[in-house]
Amino acid sequence: MTSTLLAGVRVVELCEVWAGPMAGSILGDLGADVVKVESFPRNSMTRPLATVQPWPGEGPAFERSPIHHLSNRNKRNVALNLRSEGGAEAFRRLLASADVFFEGYSAGTVAKLGFGWEVAREVNPRLVYLSMPGWGAEGPYEGYVTLGSGLDAAAAHTIVRGYPDHPIEDTQPIYHSDATGALAVVFAVLTALRQREQTGQGAYIDMSQIEVLNWHLPALVADWAVNQRLPERLGNADPLIVPHGCYLAAGGEAGDEAWVFIAAEDDHQWGALARAAGHPEWGERGHPWATIPGRLRCREDIDAALAQFARTDTAEEIAARVQAAGAIAAPVTVPWSLLANPQHEARGWLQYVDHRYIGMQVFPGFLWNVIPDGPSWDRPTGLVGEHNAEVLGELGYSESEQADLYAAGAVGDRYGP
Amino acid sequence: MTTTSPDLRPLSGLVVVEVGGTIPVAAATKLFSDYGADVVKVEPSGGASLRRIGPFPGDVPDLESGAFHVALDTGKRSVTLDLDSPSGLEVLTRLAERADLVLLHLPLGEARTVREDLMVLGGAEGGPHVVVLSEHGLDGPFAGRRENGTSLFAWTGRMHQHSLPGEEPLRYAPYLPEMQWGATAAAVSLACVHSTEHGGQRREVEVSAVEALTGNVDTWFLQWEFTGAEMPRASGQSKAAYPAGCYRCADGYVVFASANPPFFNRLCEAIGRPELAEDPRFLTPAEKALHFDDFFEVLDPWLRERTRDEIFTYLQSFGVMVSPMLDPSEVVTDRQAVARGSFVTHELPATRSEGGTTLLAGPPFRLDGAWDVAAAPRLGEHTDEVLRELGYTTTERLALFRAGVTG
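Line by line, the protein sequences are chains A and B.
Residue numbers for the first sequence, in our numbering: 1 to 417.
Residue numbers for the second sequence, in our numbering: 418 to 824.
A few of these clues could be false.
Chain A stretches covered by chain B per the calculated footprint, using a threshold of three residues with CB under 8 Å from any CB of chain B [stated by the list, open to error]:
#1 192–205
#2 212–218
Among the chain A residues that face chain B by a calculated CB cut under 8 Å, a handful are [unchecked claim]:
#3 THR2
#4 LEU5
#5 MET22
#6 GLY114
#7 PRO140
#8 LEU147
#9 PRO164
#10 ILE168
#11 VAL186
#12 HIS287
#13 PRO288
#14 ALA290
#15 ASP354
No wet-lab data here; the hints were simulated from the structure.
Even for Gly, the Cβ is constructed at its ideal location relative to N, Cα and C.
Here chain B stands alone, though its shape is the one from the complex:
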């Protein structure tokens, strides 16, 4: 931290150890770090895998300036440690002894071993909560399968649901499943801390990616389970319940979610055609499904004469659910984003590239004085500092470095 005044952020005083260096585990601990916790990131000497994920400034690969490392490792301390050696595991154990929480994402065998080592610390009551992220859980026939974000997503049913019939199923943006998985782990981890701070015992937690992603809304499983009928997969522009989905306008696209009353009625009124809300062609779902073209003939020319922003501002004043479809350059200059400071300018390290600045998302929730982002650590930047805090002598620190246990 660059601040010298006492940290009054709400999670200050908490010590969190992050092991594994993947996107989900780094996403989980970022929330702790930005709201005040001391997060120690344990990395192999070659660097956490998320440091290798771009984009990079100028497309120059660099362990210090990848987009995910810069965005997700904010305010953490980096310790490089070889966890394949007993010496490395001993350092991790000493670190964990002082921690409130340890979050792990390691290959199955290692995850089981490290978890066992950590769960004996401090007896049943005293040690840190141990939260293990795994792709399918630590047991069962699929435990230990190798997955990436897209293959995990394939297991959730959403890839099928949000694709066109007969076409290749489509993923979402790369790494979005890993981010949601990490956010899931963060929520249960903080609940564990809440419990011990109110007299509860330490916990062992397992967050399976497939379970975390499949169990959290945005799925049509229940629709099928209740009725036995597959939810029809809509195209982008629903022809049955409309307007919903993407529509062309003068300078791009807008997305509607205003198929049903009262939103449909408000839209008819806003475009100067209030009588359409009472028109028998659009009154019942069955009739409506037969008359998409009739409504499109009215809406399409109205939209094509107007820009995204005009449509958005004007229709929202009537309470119509419509949004502009933006690209990233527009997202960061959007009126609301600028007024709220939804993105913050952040310095990049001057390493292989020339430094400069990037933009990071601002606080995901605003609580007065609660949030701050500091720079992401250089690889191993805090190894020596943390080992001193753990009480290792100079000779021990030199010997561990000499043997390649620390870096």
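Extracted from the complex, chain A is given alone in its bound form:
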């Protein structure tokens, strides 16, 4: 059953890459009518014109990019040239019809296109308008450009992630702020819609993606603020919990790179882990490892003993055995493990989606389930301009007017020559 939580809410998305498009998908999952306005004639970053490695299907490369398919479900797609007169007018009508508009460009970009908040509120006084530049809409860094990896570095997350015994240059870029940013957009626009009920007016939301990431990392700043202490790179070690780490297993889904994560956070879990490892005496009174201070003192010996235990079976089996006894363990999954995960299978979490160009593919599922109206994959990733006619029709354009827009290059449905 299609989710109806946000039934009747019309959302216009003007975003590229991950954080914004994922927000659009989540709003679509919740039942909003999300119209993605695709850049035209310039193709977006996640829609390359040529493939660098083989992708399934026969159609144009810009319709088959895996990275683009990750975050563009459950929305309609119109491709407008906002720099053209006709495209700008169509966009104005779209904003007039919307409850929510959000854009993911660097600060000032959309205003320069003629669609800043001051203009948009004239078009639609009840519009909730959200901008989500990396460092926010205002301030000395206005206009700066970034991906999630840059925000990760500037929020002090990159410096704590790397291997303790490797040069900092080896620390990989990650894009966690895209995941957190997407969720923040959803909460923010729903908050503003509730405010609109109270005031009758739309609102402007300045959402800085780094400020979103900041609130997800309270301990780093607190340790500096109250103890003047800067973080060290610890790898997987926890200063207060032994054991807490990954151990190489004897194969499994990840083949010869099968690792299993194991932790015991208290004496009870440690006793359980000891039994699972076939050494119940490790947890018995009198054994040097049976107590928390004892384990903190013997970190290296315990790691060595667990490394030996982990090599006796696959990562999945070791984890299952430790879990059955009552401690914490999980195999470190690789991409293909998702398909073999019995929990995903039992819950029907993976989604099988048919797409005009890429055919049937399996996708990671939804972020939650709702009873009685859970999310469903009603629309696969939109083709460029796939819903031009449908949406322009709703905005009052006749077929001949739409043909004029195509002729003028104001709307489109393909990239490249």
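For chain A, the structure is supplied; the task is to place chain B on it using the hints.
Below, chain B without anything else, positioned relative to chain A:
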């Protein structure tokens, strides 16, 4: 709340009950609290588990001043309640009857029982939305497995992806997975409220941590699924598509994401070498992968003569994607953070330590007049006040306290 004027924040009037006291459930309800909702935090008499997570001022363990409690319990009310007793469950039920939302994170058996109790309240239409956070979901072969943030993260594929081949897979910062899980629960919870405020019915929601984390971008599953080839795990400094990742400069490191046009071309222009953008060695991905050293020989000395801030400011003026790598002391004094008030000074309770102040992240999104942080509650600070509101008599309140149901 310390304010006496009517609360005009957008979520005011909403009543949210938080049960379980873990990081994810507290993170979820913090967003409600800071934007105006009345959040009642139900804790065991020993205190919510997140109160035990530091850092603590001066490394003195204290249930009132741990970093996560101080940051995530802002503006909430604390009620201590023994949920193992029928009396405690009755109090919770009365609390839930008046609530718009209940968010739960309890061990599987308890979660199922409490959910069932709450879902019968008010009939199909009338009761609160019940949002259950669980590690793997409430059913299936892994339901009820014990996990922590790192083991949950191991299930998502990201731990493998963001590690070096042949080396131990690495987590992110501690508790980041729990925070994302909580933010996920907050988003769907507010959507439920939106629905009932527009004529919809009450809902029962399940937020599985593994699903919430695995399903939200930053994964290369589709790359593998579409092509059958594993996405190569880059080192920090990609030698194939560059510059991307960490580079040394005069006073630390900067992080680039400018491997492709137009960013690569802008970088070449900015460093006074515009011809490199047209150089056949760097024009195609295949050629580029063969000539990392040639480009590094140009970029490295340029970076080493300049500070992070000079590089950041100058290259951003050309539209190059580059960021400084900062530590927490630099994050809070960063020009942009100071200009925007990205962090706010917040009083610590004077309990076992001497009080003083800490810094909390400011609003995650700015909507005029919408956000405020008040102090986190002392353990059980509002038990009596809330029980009075629920209509318990003096005798009943004394009896519940006497029996250890409330604290």
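Hint-by-hint comparison with the structure:
Coverage of the stretch 192–205 of chain A by chain B holds. Counting CB-CB distances below 8 Å, 9 residues qualify, and the rule asks for three or more. Against chain B, the stretch 212–218 of chain A contributes 6 residues with a C-beta closer than 8 Å to a partner C-beta. That satisfies the three-residue criterion, and the hint holds. The closest approach between the C-beta of THR2 of chain A and any C-beta of chain B is roughly 13 Å, which is over the 8 Å cut-off, so the hint fails. For LEU5 of chain A, the interface hint holds, since its Cβ comes within 8 Å of a Cβ in chain B; the closest pair sits about 4 Å apart.
For MET22 of chain A, the interface hint holds, since its Cβ comes within 8 Å of a Cβ in chain B; the closest pair sits about 5 Å apart. At its closest, the beta carbon of GLY114 of chain A sits 20 Å from a beta carbon of chain B; the interface hint therefore is violated under the 8 Å criterion. Contact between PRO140 of chain A and chain B, as hinted, is supported at the beta carbon level, the nearest pair being about 5 Å apart and thus within 8 Å. The interface hint given for LEU147 of chain A is met, as the beta carbon of that residue sits about 4 Å from the closest beta carbon of chain B, less than 8 Å.
Checking PRO164 of chain A against chain B by beta carbon gives a least distance of about 10 Å; that is not within 8 Å, so the hint is violated. Restraint check, ILE168 of chain A versus chain B: the minimum CB separation of about 6 Å is within 8 Å; hint holds. Below 8 Å, beta-carbon pairs count as interface contacts, and VAL186 of chain A has one with chain B at about 4 Å; its hint therefore holds. With a cut of 8 Å, the hint placing HIS287 of chain A at the interface with chain B is violated, because the nearest CB-to-CB distance is about 22 Å.
The criterion of a C-beta within 8 Å of any C-beta in chain B is not met by PRO288 of chain A, whose closest approach is roughly 24 Å, and the hint is violated. Annotation: interface hint on ALA290 of chain A violated; nearest CB of chain B at approximately 20 Å, more than 8 Å. Below 8 Å, beta-carbon pairs count as interface contacts, and ASP354 of chain A has none with chain B, the closest being about 14 Å; its hint is therefore violated.
Figure legend: structure checked against the earlier numbered hints; hints not met, in rising order: 3, 6, 9, 12, 13, 14, 15.
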